[in-house]
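K.L.:
In case you want the letters, here they are:
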Amino acid sequence: RKEVEQDPGPFNVPEGATVAFNCTYSNSASQSFFWYRQDCRKEPKLLMSVYSSGNEDGRFTAQLNRASQYISLLIRDSKLSDSATYLCVRYTGGFKTIFGAGTRLFVKA
Amino acid sequence: DVKVTQSSRYLVKRTGEKVFLECVQDMDHENMFWYRQDPGLGLRLIYFSYDVKMKEKGDIPEGYSVSREKKERFSLILESASTNQTSMYLCASGRGARDEQYFGPGTRLTVT
Numbered sequence: 001r002k003e004v005e006q007d008p009g010p011f012n013v014p015e016g017a018t019v020a021f022n023c024t025y026s027n028s029a030s031q032s033f034f035w036y037r038q039d040c041r042k043e044p045k046l047l048m049s050v051y052s053s054g055n056e057d058g059r060f061t062a063q064l065n066r067a068s069q070y071i072s073l074l075i076r077d078s079k080l081s082d083s084a085t086y087l088c089v090r091y092t093g094g095f096k097t098i099f100g101a102g103t104r105l106f107v108k109a
Numbered sequence: 001d002v003k004v005t006q007s008s009r010y011l012v013k014r015t016g017e018k019v020f021l022e023c024v025q026d027m028d029h030e031n032m033f034w035y036r037q038d039p040g041l042g043l044r045l046i047y048f049s050y051d052v053k054m055k056e057k058g059d060i061p062e063g064y065s066v067s068r069e070k071k072e073r074f075s076l077i078l079e080s081a082s083t084n085q086t087s088m089y090l091c092a093s094g095r096g097a098r099d100e101q102y103f104g105p106g107t108r109l110t111v112t
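Protein chains in written order, with this note's numbering: chain R, 1 to 109; chain G, 1 to 112.
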C-alpha cells in the first residue's frame with residue numbers, strides 16, 4: 001500500500017455540485033495532514049490543514065478519520081474555478097512530508 | 001507575500017551535461033526543499049536543507065546534489081544528466097517541515 005493514496009480521477013461535476021475526495025494513508029503514526037491545490041501547469045498551494053476535529057473554510061470541509069486511516073475533502077457548490085488537482089499531503093515527523101499523486105477535478109458549466 | 005523563484009521555467013539539456021537549478025526565497029525561511037513531480041507519482045523529495053550549509057537526503061537523492069551557501073538560495077545539481085531525470089522540478093521553502101510549504105513555479109527539465 002502506498003504511503004498516501006488518492007483516486008486520480010478525473011472527477012467531472014457540474015457547477016453547483018458537491019464533490020468529495022478521499023485520501024488513504026498507510027502509517028497510523030502520521031501526525032499532520034494537508035490539502036494542497038495545484039492548477040494546471042502551476043505550483044501547488046496550500047488549500048487547508050486537516051485537524052483531528054475537522055476543518056471548514058467556506059465551501060471546503062476537511063476531515064480526518066484516524067481509525068480508518070483516511071482524510072477527506074468536501075467541496076460544496078462547486079465553481080468553475082475549483083477545477084484543479086487536489087493533493088493530499090501527510091507530514092510524518094522530522095522533515096518528511098509525503099505528497100499524494102493528486103485527484104483531478106473538472107467543474108463544468 | 002512569499003515569493004519563491006526558480007532560475008528557469010524550461011530547460012533542455014543533453015545526456016551527461018552538468019545541470020544547475022537555482023531557487024531563491026524572500027521570506028527568510030529556514031527550510032528549503034527540492035522535489036520532482038512525475039505523472040502518477042506525485043511530488044518526491046530529493047533533498048532538503050534546514051540551515052545554511054546543512055542538507056539532508058530525501059527519498060530519491062541518487063544522481064543529485066545540492067548546495068546552500070546563503071539562507072535564501074538553494075541549488076540543485078545534476079552532476080551528469082540522464083534521460084530518466086526528465087521531469088518537473090519544484091523548489092519549496094517553509095518555516096518548518098509541518099508548516100505550509102511555498103513552492104516556486106517549477107522548472108521543466110528535458111534531458112535528450
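In short, the hints are calculated from the structure, not lab data. Honestly, I wouldn't trust all of these hints.
[Said to hold, decoys possible] Below, in silico cross-link-like pairs of lysine-lysine (DSSO-like), each with a Cα-Cα straight-line distance of 27 angstroms or less:
1) R:42 - G:71
2) G:70 - R:96
3) G:18 - G:55
4) G:55 - R:45
[What the hints assert, rightly or not] With beta-carbon atoms standing in for the labels, derived distance ranges:
5) R:20 - G:14: 45 to 53 angstroms
6) G:20 - R:39: 25 to 33 angstroms
7) G:73 - R:67: 28 to 36 angstroms
8) G:70 - R:68: 40 to 48 angstroms
9) G:41 - R:29: 18 to 26 angstroms
10) R:57 - G:62: 34 to 42 angstroms
11) R:106 - G:13: 31 to 39 angstroms
Model, not experiment: these values are computed from the prediction. Using N, Cα and C, we set each Cβ at its ideal position, and we do this for glycine too.
K.L.:
Next step is simple, just say for each hint if it's right about the structure.
P.N.:
Status of each hint after checking the structure:
1. R:42 - G:71: 25 angstroms, holds
2. G:70 - R:96: 23 angstroms, holds
3. G:18 - G:55: This hinted pair holds, its Cα atoms lying about 20 angstroms apart.
4. G:55 - R:45: 24 angstroms, holds
5. R:20 - G:14: 45 to 53 angstroms: Holds, since residue 20 of chain R and residue 14 of chain G (Cβ atoms, about 46 angstroms apart) stay within the stated range.
6. G:20 - R:39: 25 to 33 angstroms: 27 angstroms, holds
7. G:73 - R:67: 28 to 36 angstroms: At 44 angstroms between Cβs, range violated.
8. G:70 - R:68: 40 to 48 angstroms: 45 angstroms, holds
9. G:41 - R:29: 18 to 26 angstroms: Since residue 41 of chain G and residue 29 of chain R have Cβ atoms about 23 angstroms apart, the given range 18 to 26 angstroms holds.
10. R:57 - G:62: 34 to 42 angstroms: 39 angstroms, holds
11. R:106 - G:13: 31 to 39 angstroms: Given about 34 angstroms between the Cβ atoms, the range holds.
In summary, the one numbered hint that this structure violates is 7.
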